[in-house]
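Q: Now for the letters of each chain:
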Amino acid sequence: MSKALPANLEQIEVNLKKLTNQRTRSSLLGIAILILVFFGGTLVSLEANAGSFGRGIANFFNYPRDLFVDTFEMGWKYWPRVIKYIPELIITLNIALFSTSIGFVLAVIFAIFSSRNLIRNKRVIQFTKFFMDVTRSFPTLIIAMVFLYLMGKSSLPAVIAITIHTAGALGKLFTEAIENCDGKPIEGLSSVGATWTQKIRFSVLPQVLPLFLSYGILRLEINVRESTILGFVGAGGIGELLAALIQWNYGADVLACMFLLVGTIIALDYLSAYWRHKLIGVNQ
Amino acid sequence: MSSSLAIERDNILKLFPDTFKQARKSRLKGQIIFFLIILYLIVGFFTLDVVDIPKKWKPQNAAMFALDTYAHKDHVTMKWENHDDIKIAFEGNYRSVYGRDNLDKSIPDWFYKNSDNVGNVVKFNNKGKAILYKDRVEIVNFPKYERDFTIKLNTNGKPYLVGSEDLAEDDLKGFRITENRVEFRPTLYERIQVYPRKVEIHRYSIGWKYFWFDFSSPLEPYSFFEALGLTFSKERVVPEMSNLKLFFTEIKDNEAFMHGRVWWAMLETIVMAVLGTMFATVMALPLSFLAAYNVTPIKALRFTLRRLFDTLRGIDFLIWSLIFLRAFGPGPFTGIFAIGFTDTGTLGKLYSEAIENTEKKQQEGVQSTGASKFLQHRFGIIPQILPIFVSQSLYYLESNTRGAVIIGAMGAGGIGLQFLGALGTGNDFENVAYMAILVLAVVIFMDRLSAWLRRILIGSDQLIVR
Numbered sequence: 001m002s003k004a005l006p007a008n009l010e011q012i013e014v015n016l017k018k019l020t021n022q023r024t025r026s027s028l029l030g031i032a033i034l035i036l037v038f039f040g041g042t043l044v045s046l047e048a049n050a051g052s053f054g055r056g057i058a059n060f061f062n063y064p065r066d067l068f069v070d071t072f073e074m075g076w077k078y079w080p081r082v083i084k085y086i087p088e089l090i091i092t093l094n095i096a097l098f099s100t101s102i103g104f105v106l107a108v109i110f111a112i113f114s115s116r117n118l119i120r121n122k123r124v125i126q127f128t129k130f131f132m133d134v135t136r137s138f139p140t141l142i143i144a145m146v147f148l149y150l151m152g153k154s155s156l157p158a159v160i161a162i163t164i165h166t167a168g169a170l171g172k173l174f175t176e177a178i179e180n181c182d183g184k185p186i187e188g189l190s191s192v193g194a195t196w197t198q199k200i201r202f203s204v205l206p207q208v209l210p211l212f213l214s215y216g217i218l219r220l221e222i223n224v225r226e227s228t229i230l231g232f233v234g235a236g237g238i239g240e241l242l243a244a245l246i247q248w249n250y251g252a253d254v255l256a257c258m259f260l261l262v263g264t265i266i267a268l269d270y271l272s273a274y275w276r277h278k279l280i281g282v283n284q
Numbered sequence: 001m002s003s004s005l006a007i008e009r010d011n012i013l014k015l016f017p018d019t020f021k022q023a024r025k026s027r028l029k030g031q032i033i034f035f036l037i038i039l040y041l042i043v044g045f046f047t048l049d050v051v052d053i054p055k056k057w058k059p060q061n062a063a064m065f066a067l068d069t070y071a072h073k074d075h076v077t078m079k080w081e082n083h084d085d086i087k088i089a090f091e092g093n094y095r096s097v098y099g100r101d102n103l104d105k106s107i108p109d110w111f112y113k114n115s116d117n118v119g120n121v122v123k124f125n126n127k128g129k130a131i132l133y134k135d136r137v138e139i140v141n142f143p144k145y146e147r148d149f150t151i152k153l154n155t156n157g158k159p160y161l162v163g164s165e166d167l168a169e170d171d172l173k174g175f176r177i178t179e180n181r182v183e184f185r186p187t188l189y190e191r192i193q194v195y196p197r198k199v200e201i202h203r204y205s206i207g208w209k210y211f212w213f214d215f216s217s218p219l220e221p222y223s224f225f226e227a228l229g230l231t232f233s234k235e236r237v238v239p240e241m242s243n244l245k246l247f248f249t250e251i252k253d254n255e256a257f258m259h260g261r262v263w264w265a266m267l268e269t270i271v272m273a274v275l276g277t278m279f280a281t282v283m284a285l286p287l288s289f290l291a292a293y294n295v296t297p298i299k300a301l302r303f304t305l306r307r308l309f310d311t312l313r314g315i316d317f318l319i320w321s322l323i324f325l326r327a328f329g330p331g332p333f334t335g336i337f338a339i340g341f342t343d344t345g346t347l348g349k350l351y352s353e354a355i356e357n358t359e360k361k362q363q364e365g366v367q368s369t370g371a372s373k374f375l376q377h378r379f380g381i382i383p384q385i386l387p388i389f390v391s392q393s394l395y396y397l398e399s400n401t402r403g404a405v406i407i408g409a410m411g412a413g414g415i416g417l418q419f420l421g422a423l424g425t426g427n428d429f430e431n432v433a434y435m436a437i438l439v440l441a442v443v444i445f446m447d448r449l450s451a452w453l454r455r456i457l458i459g460s461d462q463l464i465v466r
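Note that the protein sequences, when read in sequence, are chains A and B.
Position 121 (the first sequence) corresponds to 121 in our numbering; numbering is contiguous.
Position 335 (the second sequence) corresponds to 335 in our numbering; numbering is contiguous.
Some hints here could point you the wrong way.
Straight line, CA to CA, 25 Å or less: simulated SDA-like cross-link-like pairs of lysine to any residue [what the hints assert, rightly or not]:
1) A:Lys278 <-> B:Lys21
2) A:Lys278 <-> B:Phe20
3) B:Lys123 <-> B:Tyr204
Everything labelled a hint here was simulated from the structure, so no lab data went into it.
When you get a sec, could you build the whole thing from the sequences and use the hints?
A: Structure representation (structure tokens):
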């Protein structure tokens, strides 16, 4: 035994060296690829950008400074402005909340039909998964633009686009949640002769509902951002207002809108973290 | 049996009254929440005008839009005053006219002289014909129509359908007759319009014509694979350049689908997403160490960095891109920095939480060998969190691709702006569909790529949170 040890150690040494070399090689390869991508991307950007990079850096603070200067010139008259824009903010929030709720319901339905432990038919699962992939991959903006074109200016295209995207995105997460849930309660209910709907209602749902709600709240936060952006291309709410104000160059008002938006998003950020913590006990 | 069960139930109720009261209370709470949600949905239904969908939804527009995304049309125009000069143009474009000498483009075979040698026939895909004469248009042989029609100009120079008074309502379906126009559109694929000054016929066919080579390209007579085959032949199609070069330049400079411009725009968008994510990762990595309590003892610094992350994330990439758009002008830099700044906040928060959740034992092990603080972090923490870092960054790469399309549409360029442009023209819907499919393909590709990279780098394609 004691004699075998040195030989063994040598072998270990050789193996270690081999592994280290291999690792170094793949690390270097990875870094080389990253550098290549970086320089390639920079070249493309320099080629495609309208203004030069250096001037851009120099000008970076100009716009924010102008906005703040405009705001300070207004003095105390500023705050009524901020309050004046709150109804627009509520429209944006309304779009986000409504489409998240509808998307949530659709996502639950999709998730049930694409979970391996609930559905036996492979075709149904594949089809639902593919369908969710497609709805999830379209940027909301593209769906919204097409509907805006077809239906004219209103908030509806934003609602439709966000609902479609939410259904796909949440559906995927929900599917994972359902597939990872404990199979024993389902078996227990099967053993007493429960029907398929009863099994879902009494064994799957209680397990996944907190997780679902947690994902839903996270989605709501994302959707508030989305609905602002869709407003920017004409779907109403504070986004549309902001776009108009920027065009008219009303610096103080632009800053007021930005403050409202940033405040809302940060508040939602904390609120959703708090809710989710309460729901699933994890701050993630 | 049942009565004994009932007695038992009553006994249990009596024994644990508090438990059941609570259960009833929580059930009531659930019902109230459910009721409130339903109430909100009803309110939302009306405040967001969801009820107006049927009113706003114009099926005609939607059908035309859908039709144009997968079909193309040829326009045949005849002016009454000069009935011999009939113009046949692809999509009605004055630059794509068939039979014009300088383009050496022959008249398509669905347009020919009638057997009486007077009229000119436009034959549709459904075998129906429109025959153009000097003083009338005859509509012949349409399936599902039992008779033929003639449209003429009356003495005032206005078009009218001959014998329309005698026709039943059913025979007139497909016709729309107004004072200055008689339109016949039996299905979406055929459209004949007669005006006081001219006749215009739209003939639709399915497919994206001229997808590879545009109307005036010397390679247009060949299909894609024939042209690819030609690149191996010695005979030059045009004397100026080799077939291979011609093949690529003709595809790149295609006027209808603008492949060169669209692909360049797509590349810009991908560059925005990739470099933006790289920027965010590189920025967030050191900052997240400084914001983790098990690495940085200074509380003020940690607090400041945490709030910095919140602010960067809270100022959404919409606002960042507005600010950068002013500084850098339209182009990828705007997108790169907007994505980079937002995600520095997001990734910084996630990374620092991951660092705080690492096992302490490994760091202590390194510490026990007398290693410096730096080495402790290098060998005690980094190996634990590297998979999480990689996983998170790759996950954000995919969602940033979608974000880059959006930033592009707000003015930073790239495929988003091209898409808006194509939609804005109001008739290039095949381009709209092409770009939508391209975006979809690239987003799905990025999704798969990041899943694949996660699998080979860390052995699992799921998003690791901690």
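Q: Now tell me if each hint is right for this structure.
A: Here is what the structure says about each hint:
Taken as a hint, the A:Lys278 and B:Lys21 pair is honoured in the structure, with Cα atoms around 23 Å apart against an allowance of 25 Å. A C-alpha spacing of about 24 Å is found between A:Lys278 and B:Phe20, which places the hinted pair at or below 25 Å, so the restraint holds. With a C-alpha separation of about 11 Å, the suggested pairing of B:Lys123 with B:Tyr204 holds against the 25 Å cut-off.
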